[in-house]
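Visitor: Here's the letter readout for the chains.
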Amino acid sequence: MGRHEFLESVAVADCAVEIEGDDLDDLFATAARALAEVMVDPATVPATVERSLELTAPSLDLLLYDWLSELIYVKDSEQLVFPGVEVHVTDGSPSRLTARLAGGPIDRATTALRADAKAVTFHQFALEPRERGWRARVVIDI
Amino acid sequence: MATTMKTLPVGDCVWEIPPSEKPGMLVPARIYASEALLARMDEGVFEQVTNVACLPGIVRAALCMPDGHWGYGFPIGGVAAFRADTGVISPGGIGFDINCGMRVLRTSLTEAEVRPRLAQLVDALFAAVPSGVGSKGIVRLSGDEFGEVMREGAGWCVRRGYGWPEDLDATEGGGCLPGADPGQVSQRAVTRGRDQLGTLGSGNHYLEIQVVPPGGIHDPRVAKVFGIERPGQILIMLHCGSRGFGHQIGTDYLRRFDQIMHGYGIVVRDRELACAPFRSPEGQAYFGAMLAAANSAFANRQLITHRVREVMGDVFGRDPRDLGLGVIYDVCHNTAKLERHAVDGEPLELVVHRKGATRAFGPGAPDVPAAYREVGQPVIIGGSMETGSALLVGTAHAMTETFGSTAHGAGRSMSRTQARRRVWGEALIKQMGERGIVVRAASKSGVAEEAGFAYKDLGEVVDVVDRLDISRRVVSLTPIGNIKG
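Residue numbers (this note's numbering), protein chains in the order written: chain A, 1 to 142; chain B, 1001 to 1485.
These are calculated hints, taken from the structure and not from any lab test. Note that the coordinates shown come from a computational prediction; the quantities given were computed from them, not determined experimentally. For each residue, glycine too, the CB sits at the ideal point set by N, CA and C. Do not take every clue at face value.
[Stated by the list, open to error] Covered stretches of chain B (chain A as the covering partner; in silico rule of three or more C-beta atoms under 8 Å from a C-beta of chain A): (1) 1252-1260; (2) 1270-1276; (3) 1406-1415.
[To be verified] Ranges of calculated distance between the beta carbons of each label pair, as one might list FRET restraints: (4) A:Asp41 x B:Asp1314: 31 to 37 Å; (5) B:Arg1159 x A:Pro105: 32 to 38 Å; (6) B:Glu1035 x A:Arg100: 54 to 60 Å.
[What the hints assert, rightly or not] If you want the ones that stay clear, here's a sample from chain A, every Cβ over 12 Å from chain B, calculated: (7) Arg3; (8) Asp22; (9) Asp26; (10) Arg33; (11) Pro46; (12) Leu53; (13) Thr90; (14) Ser93; (15) Ser95; (16) Pro129; (17) Arg132.
Please build the complete structure, drawing on both the sequences and the hints.
Guide: In C-alpha cells:
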C-alpha cells in the first residue's frame, strides 16, 4: 500500500508531496489519492461517478505529470474529483496508463473543500525506482 | 542565512550573489531585503534566483523582491528581463496563474456606515462571488464569446455592461494586453476555464472590505489623487487571476517547452524553468496564449467588480455611482511583458518576467494612466487576511533599478501544513470576528493556511521598498471583512 507525505519546507506557498508505492500502479494510485486530499476531504465525496481513462506519454515521469494534470483538468472542467482509483501502468515507448476512477461532483453543500490545485509543476519533479518499489516527488501549485 | 553562497551587501537593502557562485550564471543575482528579511529568506530563494541568472539572454541581474520566498522555477518575488532578440520566455517565470493580480476600489462610505451592515455585506458578497474548489462563474459564454474575452479582456465586460468605461483607464494596459492569440490556446484550456469567469479561486485569493485606519494616510497628496481622502474610508480589494484557463495554458506550454528546449541547445537548472527563445515559433505561440490568459484575468476581476457594485448597491440601497465605487487601479503580478528599458545606457526591448512582483512605473511613464501620470502608477501590495494591505506609488528610481518593479505581498514564511497544524480554521474565524473582521470562506482549512502568522510582516516589506525608493508608501489598509475560497 502506497504512502504519501506533505513536505513542509519545500515551496512554502504551494504543496510538495513525496509519494512511495510498492510498484508503479501503487505509486500512481497513491499520487492521485494525495492530489484528491489536497483539494477536498475525500470522505465527503461519495463515489457516484465511475470513469475509465487511458493515457500515453513518451516517458514514465511525463506519464505521471499527465495523469495528475488530467485529474486537475477534470476538477475544473466537470467539477469532479476522484478519490478512488485503480491504475495499471506499463513502462515502455510510449509508457501507458489505464485507470478506473471512482468519485463524484464537488457539491458546495456537502463537500469539505480544501485548496484549489492549479497545476503540477516540474520543480523538483522526480520519479525513481527504489530498492523496493518506486518514489516520486511532486510540487502542486496552489 | 539559508545559503552558503556569497551574498554581498552592495547598497542599503541590496544584496548581490556574484556569477562566480554558481556555474552558468550569466549575470549576478540581486536580492532586495533588509538584513532581517534576508536572514529569514528560505534556501529556495537563493537557489532559484541564481538559477534564473543562468537563463539565456538575461540582462543586468536576476532580481528578487523583499517578499521573496521559495516558489517553483522563479522564486516568488522574482523579476528578470531578457533581450527580446536573443533571450527566452519561460512559463516558470510567470506562474500558472497568469495575470494573477490585485484590484482596489474606492468608496465614499465610512467604517461607521458599513459596520452595522458588515455581516450582511460579507454574506451577500460571499453568495454573489463564487469561490473555492470547483466553483462555476457568473456568465455563460459560447466559444466565440470566450475568444472575444481573450482578445478584449476587461473591455469585453464593459462592452457587455459589466463595468464602467472609466474602469479600463484604471487598469494596467487598459485591461487588454495587445498580441493575444486565441489560435495558440488549446481547446482543453478553453473547456477548463470558460465557465469560471467571475470566480475568486482559493489559496491566497480573496475579496476584502478594508478601512483606512487612523494614521494610515502616509502621503496625503498622492492619496488624494487616488481618491482616498480620510481615515475611516472604506475600500474594496480583490486578488485573483486567470483561473483554470491560465493554469491550463501554463501546463500546456511548460510540458511543450520541456520537450523542445533541448533542440534550441537550452539546458536549465530546474526543469520548471523550461523555456524557448522568445522569437521562436514556440516562444511566440506561448506569448500569444499567455496574453489571452492575461486578458481573461482582467475580465475575471472586472466581472467580480460588477458583482461587488450590484451587491453594495443592494445592501446600502443606493446607486453604485453614489457609493463612489470607482476602480483606483488593477495591477498584474504574474506576467511577462514587452517593455523598453535602458541597459548600460542602451534602450533595449526586453521581455520582463514578473512572478509575484508588481509593475511600479514612476511619474511621467507613458503607460501610466493620465490621471496618475504626474504622481506615478498605483501599486497594490496585498497582505495577509488578518493584518492588512498597502497602497504605494511607482517611482522613477524603480525604472532604473528594478525594470519598474516592486513587491507584491507580504510573502509567506510558513508552509500551509504548518499553518494548519497551528490553528483550526473555525477557531481563527472566531478570533478574527472578535477583533472585528468578518470572514466567510468556502474552505475552513484554507482559512487556517492563510493565517497572519504564516506571512512576513507586511510593514517590513513596505519599509524596504520605500527605503529603496522602488515604490513609496501612500496608504495602509486594515481588513474588516474577508471572502475567501
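Visitor: It remains to establish, for every hint, whether it holds in the given structure.
Guide: Going through the hints against the structure:
Check on the segment 1252-1260 of chain B: 4 of its residues sit with their Cβ under 8 Å from a Cβ of chain A, so the three-residue criterion for coverage holds. Counting residues of the segment 1270-1276 of chain B whose C-beta lies closer than 8 Å to any C-beta of chain A gives 4; at least three are required, and the coverage claim holds. Interface restraint, the segment 1406-1415 of chain B with chain A: holds (4 residues with C-beta to C-beta distance below 8 Å; minimum three). In this structure the hint that Asp41 (chain A) and Asp1314 (chain B) lie 31 to 37 Å apart at CB holds, the actual value being about 34 Å.
A C-beta distance of roughly 34 Å is found between Arg1159 (chain B) and Pro105 (chain A), which places it inside the suggested range of 32 to 38 Å. Separated by about 56 Å at the C-beta atoms, Glu1035 (chain B) and Arg100 (chain A) satisfy the suggested range of 54 to 60 Å. Every C-beta of chain B lies more than 12 Å from that of Arg3 (chain A), the closest at about 16 Å, which supports listing it as non-interface. At roughly 25 Å, the least C-beta separation between Asp22 (chain A) and chain B is larger than 12 Å, which holds for a residue marked as non-interface.
Every CB of chain B is more than 12 Å from the CB of Asp26 (chain A) (nearest about 23 Å), matching its label as outside the interface. For Arg33 (chain A), the shortest C-beta to C-beta distance to chain B comes to about 16 Å, beyond the 12 Å cut-off, and the non-interface label holds. For Pro46 (chain A), the requirement that its beta carbon stay farther than 12 Å from each beta carbon of chain B is met, with the minimum near 15 Å. Every CB of chain B is more than 12 Å from the CB of Leu53 (chain A) (nearest about 14 Å), matching its label as outside the interface.
For Thr90 (chain A), the requirement that its beta carbon stay farther than 12 Å from each beta carbon of chain B is met, with the minimum near 21 Å. Here Ser93 (chain A) stays apart from chain B, with its beta-carbon at least about 14 Å from theirs, past the 12 Å limit. Every CB of chain B lies more than 12 Å from the CB of Ser95 (chain A), the least distance being 14 Å, so the non-interface label holds. The claim that Pro129 (chain A) lies off the interface holds: its Cβ sits roughly 19 Å from the closest Cβ of chain B, which is beyond the 12 Å cut-off.
Its beta-carbon lying about 26 Å from the closest one in chain B, Arg132 (chain A) satisfies the requirement of being farther than 12 Å from that chain.
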